[in-house]
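Asker: These are the residues of each chain, in order.
Number of protein chains: 2
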Amino acid sequence: MIVTSQASAPNADAPQAAQDCILCETPGGEVLWAGELARVVLVDEAAYPGFTRVICQRHAKEMTDLSAPDRTELMNLVWLVESVQRAVLSPDKVNVAALGNMVPHLHWHVIPRWRDDACFPDAIWAPARRKDGVGEGAERAGTRLAAYVEALRTRLSQLA
Amino acid sequence: MIVTSQASAPNADAPQAAQDCILCETPGGEVLWAGELARVVLVDEAAYPGFTRVICQRHAKEMTDLSAPDRTELMNLVWLVESVQRAVLSPDKVNVAALGNMVPHLHWHVIPRWRDDACFPDAIWAPARRKDGVGEGAERAGTRLAAYVEALRTRLSQLA
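The listed protein sequences derive, respectively, from chains A and B. Take the first sequence: its letter number 9 is residue 591 in this note's numbering, and every next letter is one higher. Take the second sequence: its letter number 86 is residue 668 in this note's numbering, and every next letter is one higher.
These are calculated hints, taken from the structure and not from any lab test. One thing to keep in mind: the hints can contain errors.
Copies of the same chain are indistinguishable here, so a pair counts whether it falls within one copy or spans any two.
Stated by the list, open to error - Straight line, CA to CA, 25 Å or less: simulated SDA-like cross-link-like pairs of lysine to any residue:
#, residue 1, residue 2
1, K713, R726
2, K643, R711
3, K643, E607
4, K643, R653
5, K643, T654
6, K713, L614
7, K713, T608
8, K643, G717
9, K643, D602
10, K643, W661
11, K713, C701
The shape of chain A in the complex, shown without the other chains:
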């Protein structure tokens, strides 16, 4: 379920939704949780099991378009995702990024990385270094994906 009505948001300078914005018009993945400010979405990407996005519910473009409390609240969701990834998936590294060049609607990529994954140590947006399967790290994490989703849903459901 995605919350799209936030007329009472204290600093809703950004429009609630924009035409032709895929993240206003679609969930952008399997929604694991949705609050007033943001939703948490599982990305279907075999090379990076557990790849998760934290997507702003408003059509804001940059973090500095949000109020300071909203920035902190949004980032707390990112850190929650990162901590569950580390606890359940044991990645070698977590990559966190808000780019939005193609879709200028605020969304954070939280990406577990393994030393033998497709692009490591490059960013996932670089050309793949390995094209023969997903690597042992990601493969092992893939077997933990259901546990990750369950743990993440549980932690998110405990939010005030």
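Since the structure of chain A is already known, use the hints to place chain B on it.
Answerer: What follows is chain B alone, placed relative to chain A:
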């Protein structure tokens, strides 16, 4: 000036410095400001004038290795950088990322982007789409670089 001694940091679980870590051993760019938790460094990258990094002073690997107050303090520096980039350089987008696959010492890339820059709309880690100069957006921003640095230094110097 880089502050390296933080023995009294309240939650210094991470080591203060690690051997063979380039961000423990070198500034990592032109240091514009340094506090106890982080330093702000200008990156010399002609394609992205104003590219700035916020680098943790401790050898922490992930954001969730920091305490919640330290996370907020570090991100507030990132947002300060982003806001000065927007005010002075007028980028079409700002990209914010903590990857650290090659150098697992917490550092944030804050990257102003222009529609005609080398890689837009891809991440800067993707192959360049344009190799003929830096584009008008970045070129215009290049002429504002000194003003950006001055504005950023001023804002940083006003921090408590």
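Asker: What are the numbers of the hints that this structure violates, sorted from low to high?
Answerer: 6 and 7
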